[in-house]
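There are 2 protein chains.
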Amino acid sequence: MASPGSGFWPFGSEDGSGDSENPGTARAWCQVAQKFTGGIGNKLCALLYGDAEKPAESGGSQAPRAAARKAACACDQKPCSCPKADVNYAFLHATDLLPACDGERPTLAFLQDVMNILLQYVVKSFDRSTKVIDFHYPNELLQEYNWELADQPQNLEEILMHCQTTLKYAIKTGHPRYFNQLSTGLDMVGLAADWLTSTANTNMFTYEIAPVFVLLEYVTLKKMREIIGWPGGSGDGIFSPGGAISNMYAMMIARFKMFPEVKEKGMAAVPRLIAFTSEHSHFSLKKGAAALGIGTDSVILIKCDERGKMIPSDLERRVLEAKQKGFVPFLVSATAGTTVYGAFDPLLAVADICKKYKIWMHVDAAWGGGLLMSRKHKWKLSGVERANSVTWNPHKMMGVPLQCSALLVREEGLMQNCNQMHASYLFQQDKHYDLSYDTGDKALQCGRHVDVFKLWLMWRAKGTTGFEAHVDKCLELAEYLYNIIKNREGYEMVFDGKPQHTNVCFWYIPPSLRTLEDNEERMSRLSKVAPVIKARMMEYGTTMVSYQPLGDKVNFFRMVISNPAATHQDIDFLIEEIERLGQDL
Amino acid sequence: MASPGSGFWPFGSEDGSGDSENPGTARAWCQVAQKFTGGIGNKLCALLYGDAEKPAESGGSQAPRAAARKAACACDQKPCSCPKADVNYAFLHATDLLPACDGERPTLAFLQDVMNILLQYVVKSFDRSTKVIDFHYPNELLQEYNWELADQPQNLEEILMHCQTTLKYAIKTGHPRYFNQLSTGLDMVGLAADWLTSTANTNMFTYEIAPVFVLLEYVTLKKMREIIGWPGGSGDGIFSPGGAISNMYAMMIARFKMFPEVKEKGMAAVPRLIAFTSEHSHFSLKKGAAALGIGTDSVILIKCDERGKMIPSDLERRVLEAKQKGFVPFLVSATAGTTVYGAFDPLLAVADICKKYKIWMHVDAAWGGGLLMSRKHKWKLSGVERANSVTWNPHKMMGVPLQCSALLVREEGLMQNCNQMHASYLFQQDKHYDLSYDTGDKALQCGRHVDVFKLWLMWRAKGTTGFEAHVDKCLELAEYLYNIIKNREGYEMVFDGKPQHTNVCFWYIPPSLRTLEDNEERMSRLSKVAPVIKARMMEYGTTMVSYQPLGDKVNFFRMVISNPAATHQDIDFLIEEIERLGQDL
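Line by line, the protein sequences are chains A and B.
Mapping the first sequence onto my numbering, position 502 (from 1) lands on 502, and the numbers just tick up by one.
Mapping the second sequence onto my numbering, position 273 (from 1) lands on 1273, and the numbers just tick up by one.
One or more hints might be untrue.
[What the hints assert, rightly or not] Straight-line Cα separation of at most 20 Å, PhoX-like style, residue types lysine-lysine; simulated pairs: (1) A:Lys265 to B:Lys1528; (2) A:Lys325 to A:Lys223; (3) B:Lys1265 to A:Lys325; (4) B:Lys1124 to A:Lys265.
[To be verified] Okay, the calculated bits of chain B under chain A, using three or more residues with CB under 8 Å as the criterion: (5) 1202-1212; (6) 1482-1494.
[Claimed, not checked] Which stretches of chain B does chain A cover? Using the computed rule of at least three CB atoms under 8 Å from a CB of chain A, they are: (7) 1118-1124; (8) 1189-1195; (9) 1267-1278; (10) 1285-1297; (11) 1367-1377; (12) 1507-1517; (13) 1576-1583.
These aren't lab readings, by the way, just hints derived from the structure by calculation.
Beta carbons are placed, not taken as given, at the ideal position from N, Cα and C, and that holds for glycine.
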């Protein structure tokens, strides 16, 4: 690895240069640039690394810093050997960067070197010979480095080192063998878009300060509503900080629709409200109910069949039960793609019940929404068009960088009425442009991060058909895994049948357990298998997959595939790795 | 501006190269690289732009794409004129980038060209000769470009163009003359850190998938609590998606502390709760109360003095009044740095009242928290150490990129108890590392964006003393502005006295209004002045500053300074610009 002082070119030092001094990037680029005959060399060199017209200053206490700022390339135009030509970050601090006077050159050099570190990481992320994670225990990491914050500044050499160190211990979420979460993969266009978003550094509340992003949010949400199937894509929506908050929005809006007085009067003014969701649904429904003053006891968990799908007859029974008690059913949250099993609740049957009892129908398609992009798989969400609101996280199955979660609402204006507070310092009514684009007041947040651009740019780059191909490929890989292990010795499926999403849930049974009777002792021993294999995976850093218990089922592996980098060979590798790491248990 | 096909070097085409074909970056770099004698040239050229060993493929339908992927530089090693050496993005799509086989070269070229666009934007952001905004009305922008999403992919040339277009119409929030929001400026280290965060693309819920970031959050929150003044920095906290959500957290936790049963039973099980905050406080307190089922009617607005500070005697009066009605005062939210006036509520007096009546004391220091970094100004928050919780947004006064908001809580464990739902698929209890670092269950969110790294890296780069210098400088600039306009003809201050924060609130009185009597007609005409000047500022793109009415005060300008790029000359410019744009009104 190149030392910071010699630049951060991601590909190590240049072999074959015949230079025994191991010149770093800055110097190397400078040397390259200087040898160009057309005049560009000097310009590039000057722009990136220094002022070719003047020699570096020396002498005096400010000299090293001044020299570093003036930049490294103080050589004559040619021939140039630039032995002192590096940007010496050890003499530079944040205060030497823009907006500092003369800050342009060190800024460009610094940002370019940060970029080189990032490019190195990106390339490594996709390299199967690198580790998914270089795992260290928390106390090890805390002892190995000094992470503390101090009064005095560090120089830019140290800052660049921190960037390298941070990435060294980061998990490579784009690695082809990283299967640990619903959000995996690293999309290059999405990444570029997120860098741009950071650079634009603005907020979503008004058109005034985010003109393009506000329009792109409008266009993108409308497109998503069209895909859901709402006529003309009409309705409302917002990008929120994650699926849990999107689900909470749905609960808030459903409550407001039924009892608008709750906004001013609170829950004291309304009868006891009951929400329904399946026992396999996401825990955010309960979190939301706790936050909103509804209470977790008022979230009724509906039974699921053996595949994890909500049983409509149980839903209807529980709705009636609640009504008999004098409670008011106000929301059913059906799940399209449960977290563990990847199950799709029967949306049409749920919609019928919601219609019959006049209950707001929400669909939590945070995980399954991506399947709407696939002509082959979207039938699994049939009935979603009858929902009143839908959570759909493009940062999951569609591979958009974190985070990107949308809440879509069928009725227009409801979000605004539910949340608006008319802050006059932000949403002035006498602006000179069309105020309907100042959408911030419908949010629960005030400032809101720009999450739309990465989705929009990826959509442009892939087209709907590109997302479809991505979804179809991941589903195909899941089926490939299922077909291999369903009859393989040493595996038991948690539920029967082909996966509906990319979730494949299974136990690995080590040889020592295969002949045991199916009793408590076996269950107890089996429950320890997945945690040990997972711990070993992390220590070797070869792959990562999640596990958990569920109901009366002891710890099992939940494989999910949303990473477009994964191939059949990676699935094969995962199976071999589980067997390698688990055979002695 | 360079066309996409010829690369995106940020500094235009190379003059003096003597090449009439106006070669783009890729070719230029390649040419430069090829002329280097040490072997590095070929390597750089190959890595970034092509395979120097093989000629570009030709013929067959896949040929242009293959050639583009194999990359442009098909020349012999030297001499190299590379007339076809560009990466022709018109033949490349997202599917040609990593993780595609052979995707490394086009990926590096593409990301580098994106970076060149971003660097160009960064440099322009600080250039006073560029516009703060190239303003277009929503319908103009919608008509001028096709932003719609389609089935088919676009090529990478188009994607790069979209990046340029998006930035062309973006507001330059780092521009030295952008004063529109509390969050302004573009910190180079913060930006680098945010790029890194995007590249790491992970979530904050567990140590397992964000080892370093989880530790950095721990270290940073502890440091912030130390600065607040809680003994040993003990307590709890979280980075949340913005100050509104941080305030909502505080309200939730305060409620839970007093009535833990609210989590399961909801608001129906508790008496009527009352929150108190000043009439100048942020609207998020009401948003939070509406969301949490408390209701906006239960947020009592306490009177402020003429400087916008909460009047403690009115607070006590209203607390007693609520108690007499049988209601339960559960939260006082004092503001340290109000949005419009920049006022600091008298925290010590508020703390005494909270102690006397056993009410949770929250301090909304979203805007004013940064002053804690300054030995000169932190006295304005005296008493903050007696708060039970504090909202502090480093993305405001400390110039950290958006978004970065912290909620700090004095009592440890409360957040966890308030919010945890024990999702077994995420927070497995049989992991092989110290589970106390799996902090996700204390959040209201499930997935949570990594907001800490940019603050941590900036803190390392600036030191506490660097933040102090930043704060002191902005406060000094505000005082400079105040001193100029307080006695200047054509200005009226909204309140008397030196600003406590960087908020300077004033009316500009055009010559035609200066001789009018102080009656309704004058007020009516004055109310139209700021909106027109603001609209003109945006159309000229020269500067931006916010305005609003407040109470019985008609539209006035609220100047705020958090941008480290601003200088005395920029303040002078603002005054001149207001006069230039407003003198005819």
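A quick look at each hint next to the structure:
A threshold of 20 Å between alpha carbons decides the hint, and for A:Lys265 with B:Lys1528 the separation of about 36 Å lies outside it, so the pair is violated. Restraint check: the Cα-Cα separation between A:Lys325 and A:Lys223 comes to about 42 Å, which exceeds 20 Å; the hinted pair is violated. Simply put, B:Lys1265 and A:Lys325 have alpha-carbon atoms about 16 Å apart, close enough for the 20 Å limit, and the pair holds. A threshold of 20 Å between alpha carbons decides the hint, and for B:Lys1124 with A:Lys265 the separation of about 50 Å lies outside it, so the pair is violated.
Check on the stretch 1202-1212 of chain B: 8 of its residues sit with their Cβ under 8 Å from a Cβ of chain A, so the three-residue criterion for coverage holds. Counting residues of the stretch 1482-1494 of chain B whose CB lies closer than 8 Å to any CB of chain A gives 0, so the stated coverage by that chain is violated, three being the minimum. Counting residues of the stretch 1118-1124 of chain B whose beta-carbon sits less than 8 Å from any beta-carbon of chain A gives 5, enough to reach three: the coverage restraint holds. With 6 residues having a beta carbon nearer than 8 Å to a beta carbon of chain A, the stretch 1189-1195 of chain B meets the requirement of three or more and the stated coverage holds.
Proximity of the stretch 1267-1278 of chain B to chain A, defined as three or more residues with a beta carbon under 8 Å from a beta carbon of that chain, is established by the 4 residues found. For a cut-off of 8 Å, the count of residues in the stretch 1285-1297 of chain B with a CB near a CB of chain A stands at 11, and the three-residue condition holds. Check on the stretch 1367-1377 of chain B: 0 of its residues sit with their Cβ under 8 Å from a Cβ of chain A, so the three-residue criterion for coverage is violated. With 0 residues carrying a beta carbon less than 8 Å from a beta carbon of chain A, the stretch 1507-1517 of chain B misses the three-residue requirement, and the given coverage is violated.
Under the rule that three or more residues need a Cβ within less than 8 Å of chain A, the assignment of the stretch 1576-1583 of chain B is violated, with 0 such residues.
Hint violations for this structure: numbers 1, 2, 4, 6, 11, 12, 13, all remaining hints satisfied.
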